[in-house]
Amino acid sequence: MGLGFIKQSFKRQIFAVFLLVLLLIVIPGGILTIQTFQTRVRIDYENRDLEQQRFVSDRISGMLELSKTAMENLSRSRVIKEALRTGSSNTIDVYSELYRGTEDIRNFAVIELYRGSKCRYSTGTSNGSLMSSDYYWMLKEAEAGKDVVAYALNSSAVDAGSSLLMVKKVLDDPEPCFIMIRLSQDQVKEQIKDGINARDGFILANKYLRPFCLIGTAEDGMVLSKVRENLLSSRAYNSEIRDNVYLNELSGTELLCLYITPPVLEESAVNAGYRVLLLLVLFGMIVCFIAASKFSEFFSRPINELYRAMKRFRKGDFDTKIELDREDEFQQLAVGFNKMTTQLKETMEEQVRAERKVTETRIAMMQAQLNPHFLYNTLDTIKWAAKANQVSEVATLASSLAGILRYSISGKQFSPLEKELEMIRRYCDIQRIRFDDCFTLETEVSEELLNAVVPKLILQPLVENSIIHGMEGQKDGRIKVRAFAEENLQIDIEDNGKGISDEYIKALETDDEETLKGHLGLNNVNTIIRMYYGKEYGVKASRREEGGTLITVRVPLEFGEINE
Amino acid sequence: MKSLYNIFLKKTLTVVIITASLFLSGCGGNQREHDIELLSEKYSVPEEKQLTVYTSHKEEVYLPVITEFENTTGIWVNIVAGGTSEMFDLIESGEGSDCDIMFGGGAEYYEAKKELFAPFKVAESDILDSQYLSSEDLWTPFTELPIVFIYNPKLVEKKDAPGSWRDLFDERFKGQIAFADMEISGTSYTIVSLMSQLFNETPEKLIQELYEQLDGNVLDSSGLVIPYVESGRCMVGITLEETAKKYMANGYEITMTYPEEGTTALPDACAIVKDAPHSYNAGKFLDFIIAYDTQKYAAEHFHRRSVRKDVELSKDYEEVKLLDFDIKKSAADENRAMDAWRAVRASGREHP
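Going down the list, the sequences are from chains H and F.
Our numbering puts the first residue of the first sequence at 636, with every later residue one more than the last.
Our numbering puts the first residue of the second sequence at 75, with every later residue one more than the last.
The hints are simulated quantities; they were obtained by calculation from the structure and are not laboratory data.
Just to be clear, a hint being listed does not mean it is correct.
Chain F is nowhere near these chain H residues, computed Cβ spacing over 12 angstroms in every case [unchecked claim]:
1) GLN687
2) ARG694
3) LYS824
4) GLU958
5) TYR1011
6) LYS1115
7) GLU1171
Calculated cross-link-like contacts (lysine to any residue; reagent style SDA-like; alpha-carbon spacing at most 20 angstroms) [to be verified]:
8) LYS123/F / GLU864/H
9) LYS1170/H / GLU984/H
10) LYS842/H / LYS116/F
11) LYS716/H / LYS803/H
12) LYS123/F / SER869/H
13) LYS116/F / ALA871/H
14) LYS84/F / LEU659/H
15) LYS842/H / GLU122/F
16) LYS980/H / PHE948/H
Glycine included, each C-beta is placed from N, C-alpha and C at the ideal position.
With the rest of the complex left out, here is chain F (with noise of 0.2 angstroms):
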């Protein structure tokens, strides 16, 4: 009688407790809930509408055409942006294995590390500039950067100006060359290869004279190029074309000249990556890149070349003599370059 009673006691308080809490607790929420839902499942997005970009560029360039490429395509992107070696790291060790593609880094870097990337042909390559294309279509060229001179017209005459690479060796320029760290910056590895390769000269005789023609200074970032030449530390500099033609659309008075040998227009490449999870819509973005309007806009917007032959070089830019560059040459010879760099480093610190 009395466990009768004490079940049924029992069983009638959970039941109050438990309608008790549903009502005070369900009541309310459930319209906001239900909002909630609705939208996430109107925006979420499914896989096959997802593409995982990495990239080095800087948020001015990636940001206007990969927003475009959403409006274009419908494909929802997530942009993980550094550094390029961040990037490439990333890839190689596995941690970035949500990476579709890899946006931005000049091609050397990819040609170094061919393994990670899958080929793709984009369906518009034979209008690309042949020069820029990867022979195994490993990478696509996005723009072209040619390497260019500066030099401080407060400082030196027009008739002064160097002229051509053998005249960064002048007795009048010596300490006088804003350059940065090969270490640090890609684009003076690739000086330095472009240098080797002109004058027919191993890597290591030609650091050994740049770096007593530098005398010692070494900047430590490309970035610092421009500034030293402009506030008169450095008479000239040698940099890309893009980041010229940027700093002297912000005011900077520099001018620029191209090398009369010709220089090299190394291509920022993009490339998808080995077993990509969207490998499909990769594709798709590799199109985009390469399409008429997103190549004129760059080429106005982003001072940079286009890739494309039938986007025409705005008035203010002149054609450039190519040299004949071998990229993969110039990738196999890194390792040892860099060892004569930190050596020539090394002992200038020691014998100043």
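For reference, chain H alone in the conformation it holds in the complex (with noise of 0.2 angstroms):
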């Protein structure tokens, strides 16, 4: 229906072909330009942020790559063995060789001495004895050969967090000696804080994602936790969080580096981009429908103007013009409908003009049949009353007559080429007796050719013009009728007379009808086959070379039944 309701209006194909191509390029255009913002925006703060993990988990590195070089150096000390081995030494001695090892690390690290369990010195507040326990733990890891271990069962540490601990045994005897350096929380916390910023979070964890400390938006441990989820259940580590979750190993350790930051583009951002998107969508509609309009108008004026000029046109009004100020194509449409309404205006006067032509000849024709009944009755009596009193002369001319009479008023327009001649005979019978037998009339027609149908009354007015102007002062005048018949029908007249002047031939050529005024005949005849046949067909003359007229007539060669 939708398809249907466009195709009806050229308006609506216009707004949808607009609308189509529209939505084809604002709506993809705008999704990957909103979607490529997004991504660029993306790709920037990630590299930002990594920037920033990067210095934090370099920072930590470099605290643990110090404390690991003092640690060595540590327990290469001749004089810590020493203190150590023996369990009594000066201890200022001591210290100041501990001091001076742990001077890089001592803002962030306390470094402890033990024999035993038994701590002997310290650089921060000594706590006196290790727990049993905690000492064979850290005989274990020890032993292990960690360089950083994470001091898990820590249960002074309340909250979430431990302390990170590095354990180096420097002597197993005559009892096991320690160096442990002890990075608390609180301290790792202090180095870093200025490497995050104030809307991020850092998690430094175990490999099984146990928290030692949790700083910024980390510290409630809700990421973590998800985090942990996410690997548990073989998820990507930072699926279904809304932060930005950046996670990476610390090299040479088994600790883990989290960074958090929040979304980037919040969702409302992308959300105003569509929005716009939308708005600009619903104003290039807007548009494409007054362009739509605007077009089609340009468009359908014309067209318009053009169906309502033939709509006069055909109602009649052959004047019909297109008047359009333009230069396009619609301009030439409208210069040839011009051309068109002008030409077939031209042809269709021409037409009334024949016509009325025909008309006035046949009037002028029937006026001339002034009451035929009468005379033809009339010369039926005096044939019979001059048979009555035997002038045969008069009876012969008396039946002539009437026989040209009858035939001249047959409202027939069509006759046998057989009747024209019996009518040419009996003209001539009349005129033989009026121009005391001085001429002779022949025909030469063959048997087929008698029913050919020709217009009526064509051979009478050229025989009669051959008889008038050709047989003047004549004694042996000849008039010979011949038929032939090529693709045409040839009826030829000559007569032996003085022959038709080239003013006439001329005339007879170039419809002249003011000079053929004496010859009315042979240019009625002319008129009328002209009319009937067109232009190709006529009467010609032309002198002959041993003197006098040939006359030709060319017709259609035609037969059938003659109809009113």
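Reconstruct the complex from the two isolated chains, following the hints.
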């Protein structure tokens, strides 16, 4: 239904096409732009976040590295080894050695030297001795040879974090002696807090994601437990977390760093983008609608004009013209239309003129037929009266005239050639009496052509012409009528009179009615034939070499019934 | 011709759009996604390395134990923490179907809900104090928590301090005993049950007597017992040794004595839930909590007594004389006792 509805109107079609193009360009384009923007911004922020994370983890790595170096150095120190072995030494010497060796790390770490479970020397506040379970745990870790371990079983840490410890066994004899470096959560925090933005969070955890240190937005532990849950259910570690989580391993340790930043583009920013796009589409639709209206008007106005002009023309206003003030194809169309109407008008007018002419000729002929029945009956009476009085010439005259009259008043417009020939014979009978037998008529027409159909009364005026203009003063005039068929029917009327003048021949060719006034018959026949059959038919006249005139009538060769 | 052109146009357009979107959205994010995938894969935990523990212990108890369990075994533990009855309800209702093991809560809870658990015999069961073992190995004890008396040394002289369970019923302590509501505190019921077994009285009768002795003075939580005694609102109190020790370590001035007749030390237990998804790891967990290191640690850090015979008591703990306490009977009597308790409380409120 929709497609049909659109197809019904030019405007709707244009609107639909505009809309389609708009939607195809604006919507994918807009979405693409938003997505690209989002992606670009996300990537930029991610890179910044990663840098931040690298900074923080490098800081921690650095702390651990320094601690490790310090521990290596202390473990090689003779003074310290001696002090731990004997258990009694010059405290000042030991401490100065201890402090010298730990200059780099003392601002974030506490270094303790243990002999057995007793803490002998400490850079911080010594807590005397270890509980035996802690001591055994330390022993175990030191033997495992791990550099950095998380001190997990640390009941003093009531919150979710605990200390980072490094343990190294220095001596085994007489008692196991250790160097222990303790990086408490607070000190780690202190060291890295300037690397963490206000809205970010940071987590330092062991490989089972048990935290040592939760900073900033990560303090509540929600993100950590979510990451843990994701890993337990074999999902991507950051799935279903709104914040960006960057997990990385702290090289050389089994520790994990998690850097947490809030989502770059809030949902609302992206939504705003889509809202703008929606507005853009709506605006575009309105523009499309207006453009379609204007555009269709631009196209449909000339078309409508053309349509209206055609309608006017159809109703008979042949003066219809289209006026367009344009230069495009529509202008050409309008010019073509105007030319067509002009030509059509001319043709019509010509046709009307021709018809009027036929009618006038007919009227003239009919006016000439003055009460023919009365004349006919009178002639008949004359014929019988002549016969009774034995005046044979009068009888012949009357009889022939009657025949001519009857033929000429019959309503038929066409007649067989045979009748035409009979007609001229009767006519010549009369004229012979009138002109004292000074000419003869000879006809030469083959049998089959006698039935050819020709317009009525075309031969009599021509024969009359020959007799009146050609036989003047002649004693043995001859008129010969021949008919033969090529593709058309040609009828020649020859006489041996004085011959037609050049003036008339020319007048006949150019339809000069003024000159032909005296030869009205000739001209009339020519006109009638041309009206019936067209310009290529008609009457031609020429002078014969041996003297006299040859008039040639050309009509199409037709046979058949003759209708009223 | 026209339709052919249209099809061509549409195809071109589609290809252009798809290519553009792929190009624009695809580039850049790949490295990060790759990293995420890599780390997620590396640290993702297979089922056989997982264990879900429901615990009613406090964080300071369960977290060090579980963290060390993870470090030792490489098994990731998913912790769900809450009150004992809450956890039991979750397991019973089926909501806690992911639960492998229940950690914490008095053994009597486990006895009462036997049907929820699957028996497991820990590897070192012969070194555990047989007194605390479940006869059917349905649960495994973690630590033992003897019930003790406390008194405020500023108000009560040492010679006047309650020495035996009987002493509590002296006229001088009437209305002076800090005792938590039995409906809230599981320990309070254990105390009542112990006294009823000790005096050979029905729980109803004992509750009647006790309530009269309390003189309507019932605390809303077991956590209030020590603060009440310390602040002098009550002269004496009955509580767990662990709680008393913890408060004393934090500087509370109270004195703790062990009842002369003896006392009971209800073990807090741990058990594998029936049809646990990771029962093999749950077994490892049970072995871990009674391991020497863990027990030693618990004794040193949690003020709890080890259930292992080879973990010697530290010097500030006395040997306790343990009464022959019938856990099963106690569990069976619980509903009766609760009804009686509610009844006396209701009448107490009506006739103050």
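Taking the hints in turn, this is what the structure says about them:
no.	hint	verdict
1	GLN687	holds, 14 angstroms
2	ARG694	holds, 21 angstroms
3	LYS824	holds, 19 angstroms
4	GLU958	holds, 33 angstroms
5	TYR1011	holds, 76 angstroms
6	LYS1115	holds, 70 angstroms
7	GLU1171	holds, 46 angstroms
8	LYS123/F / GLU864/H	holds, 13 angstroms
9	LYS1170/H / GLU984/H	holds, 18 angstroms
10	LYS842/H / LYS116/F	holds, 11 angstroms
11	LYS716/H / LYS803/H	holds, 13 angstroms
12	LYS123/F / SER869/H	holds, 12 angstroms
13	LYS116/F / ALA871/H	holds, 10 angstroms
14	LYS84/F / LEU659/H	holds, 10 angstroms
15	LYS842/H / GLU122/F	holds, 17 angstroms
16	LYS980/H / PHE948/H	holds, 10 angstroms
Every hint, counting from the list given before, is met by this structure.
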